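Respectively, the protein sequence lines represent chains P and Z.
All residue numbers for the first sequence refer to our numbering, where the first residue is 2 and numbers rise by one.
All residue numbers for the second sequence refer to our numbering, where the first residue is 2 and numbers rise by one.
Don't read these hints as lab results, they were simulated from the structure.
Being a predicted model, the structure only gives us computed values, none of them experimental.
You may find that some hints are simply not true.
One copy or two, either will do: identical chains are not told apart, so a pair holds if it fits within one copy or between any two.
Under the rule of at most 25 Å between Cα atoms (straight-line distance), these lysine to any residue pairs were calculated in the SDA-like manner [said to hold, decoys possible]:
id	residue 1	residue 2
1	Lys33	Gln158
2	Lys25	Glu113
3	Lys50	Asp69
4	Lys96	Ile34
5	Lys25	Lys114
6	Lys156	Asn16
Number of protein chains: 2
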Amino acid sequence: MKNKKPLTIVKIGGNIIDSPTDLKQFIIDFSKIKGDKILVHGGGKSATKMAENLGIKPQIIDGRRITDASMLDIVVMVYAGQINKSIVAQLQANKINAIGFSGADGNSIQSEKRSHPTIDYGFVGDIKIVNTELISGLLSLQITPVFCAITHNSKGQLLNTNADTIASELAIALSNVFDVTLNYCFEKKGVLTNLEDENSVLKTINLELYNKLKYQNALHSGMIPKLDNCFYGLTNGVTKIKIGHHSMLLNESILYTRITL
Amino acid sequence: MKNKKPLTIVKIGGNIIDSPTDLKQFIIDFSKIKGDKILVHGGGKSATKMAENLGIKPQIIDGRRITDASMLDIVVMVYAGQINKSIVAQLQANKINAIGFSGADGNSIQSEKRSHPTIDYGFVGDIKIVNTELISGLLSLQITPVFCAITHNSKGQLLNTNADTIASELAIALSNVFDVTLNYCFEKKGVLTNLEDENSVLKTINLELYNKLKYQNALHSGMIPKLDNCFYGLTNGVTKIKIGHHSMLLNESILYTRITL
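Please construct the entire structure, taking both the sequences and the accompanying hints into account.
Structural data, given as C-alpha cells:
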C-alpha cells in the first residue's frame with residue numbers, strides 16, 4: 002500500500018448543494034486539497050423541486066427515489082446538467098481543471114438496471130464496472146473528475162445511481178492503483194450519538210459499535226446506508242474513510258467520524 | 002497541410018435532436034466515421050418546450066435567444082444534461098468512447114459575455130479560447146468529445162453559445178493540428194436555391210454567389226449565420242466545409258452543398 006499514490010475522493014450531499022454560499026465555500030476548500038482528487042455530488046432537493054415545478058410527483062420508498070422515465074429525465078437534467086456544470090465552472094474559477102462526468106461519459110461507470118423481486122425501482126442502476134484506466138489517465142493529466150449520480154448500462158440507457166454508492170465504488174475500484182481516502186461530507190460534524198446534540202460526534206465507529214447502535218435505534222436512518230457503504234469500502238481496499246463537515250478536508254484537528262473495521 | 006491527421010467535426014441541429022428516430026440513425030452513421038471525430042449539438046426545441054412547461058417565456062431577437070438567468074438554467078439543464086448525456090449514452094452503445102463537454106469541462110471553450118451597444122443578449126458567450134491541447138489529447142486516446150452549446154468565462158459563469166459557432170471555432174482552432182472537415186448536418190439536403198424545392202441543392206457555394214443570393218433574398222434566413230460561420234471557418238484554416246443531410250457523412254455521392262471561398 003505504501004507505494005501507491007494518494008487519492009482523495011470527496012462526496013458532497015444535498016444541503017451543501019442546495020446552498021449557493023455553502024457550495025462556494027466548499028469549492029474553495031476542495032480546490033485546496035493537494036494531489037489527485039475526485040468529487041462526487043448528489044442532487045439535493047433540486048430534482049424534487051424541478052419535478053414539482055413540472056407537475057411530476059416523485060415516489061420515494063425506503064429512502065430511495067423510484068425513478069420512472071419522467072423522473073429519470075429530470076435527474077439527468079438536474080444532476081448532469083445544472084448541478085454538475087455549475088460545480089465544474091466554479092472549480093475552473095478556482096484553477097482546478099475539472100471535467101464533469103456521468104457514468105456514460107468515457108464509459109466511466111457501467112451499471113445494470115436493478116431487478117428486485119417485489120420493488121420496481123425503475124431506472125435505477127447498480128454499478129458493475131468502474132473504468133479505472135480512464136480515471137487514472139485523467140488524474141495523471143491533473144484533471145479532476147466530477148461525478149454526478151447518473152450511470153449507464155452501455156446499451157444506451159442512462160440510470161440513476163445513489164451518489165454515496167458511486168463514491169464508495171469509485172474508491173474501491175481505484176484502491177487497486179491509489180491509496181484512497183474517502184470523505185463523506187454533509188452538514189453535520191459526523192456520526193452523532195445523540196441526534197439532539199450537534200457535538201455528540203463519534204470520533205471513530207467500527208463495525209461492532211455500528212451494529213450495536215443500529216440495534217439500539219440510536220442512528221439517524223439516513224446514516225445507515227452511508228455507513229453500510231463505508232464498511233463495504235473498507236472491506237474492499239479503501240484505506241481511510243471519514244464522515245463529517247467539509248471543514249475536515251483541510252483541518253485534521255477538527256471533529257469528524259473516522260470509520261474503521 | 003498534407004502531413005496533418007484528418008479530423009471530422011459534425012454539427013447536428015434541432016430537427017435531428019427533436020426526433021428520437023432520426024437521432025438514433027444519425028448516431029449509427031456518425032459512429033461509422035473513421036478516424037478522429039467531434040460532435041457538436043444544438044438544443045432543438047427542447048429548451049423552449051421546457052421553458053414553456055416551467056412557465057418561463059423565452060425571448061428571441063434576430064433569431065437569437067435572449068438568455069436571462071432562468072433561461073440559462075434551462076439551457077444548461079437541457080443541452081448539457083438531457084441532450085448531451087442521451088447522445089453520449091447512445092454513442093457508447095455504438096462502441097464510440099464519447100465524453101460530453103460544456104466549455105467549462107476541461108476549460109475546453111472559454112468565452113466572454115457578449116457586450117452590445119443596444120441589445121442585451123444576457124448570458125451569451127462569444128468564444129475567446131479553445132483548449133486545443135486538451136481536445137487533441139483526448140482524440141489521441143480515441144475519445145470522441147461531444148460538445149453542447151454551453152461555454153464558460155473561466156470566472157465561474159456558464160454562458161450560452163450558438164452551436165454553429167462552437168463548431169466553426171473548434172474547426173478553426175483544431176486546424177492548427179488537424180486537417181479539418183466540418184459538416185453542418187440538418188434536415189435539408191443542403192443550401193437550396195428554391196425554398197419550395199427540396200432538390201434545388203447548390204453543389205457548391207462560394208463567397209461571391211453567397212453575397213449575390215443574400216442580396217436577392219434567395220436564402221432562408223436561418224442559413225445566413227450558418228454560411229457566415231462557414232466562410233469565417235474557410236478563411237481561418239478549415240480545409241473543407243459541407244452543409245447537408247447527415248447521410249452525406251458516409252456517402253460522398255449524395256447531394257450536399259460544399260462551401261468554397
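Results for each hint:
Within a single copy, Lys33 and Gln158 get their C-alpha atoms only as close as 36 Å, which misses the 25 Å cut-off; across copies the closest is 20 Å, which meets it. Taking the shortest Cα distances, Lys25 and Glu113 sit within 25 Å of each other only across copies (22 Å), while inside one copy they are farther apart (34 Å). With identical chains, the CA atoms of Lys50 and Asp69 are at most 25 Å apart both within one copy (16 Å) and between copies (20 Å). For the homomeric pair Lys96 and Ile34, the shortest alpha-carbon distance inside one copy (12 Å) is at most 25 Å, but the shortest distance between copies (35 Å) is not.
Taking CA atoms no more than 25 Å apart as the test, Lys25 paired with Lys114 passes between copies only; the shortest distance there is 21 Å, against 34 Å inside one copy. In this homomeric assembly, Lys156 and Asn16 come within 25 Å of each other (Cα to Cα) only across copies, at 24 Å, whereas the closest approach inside a single copy is 33 Å.
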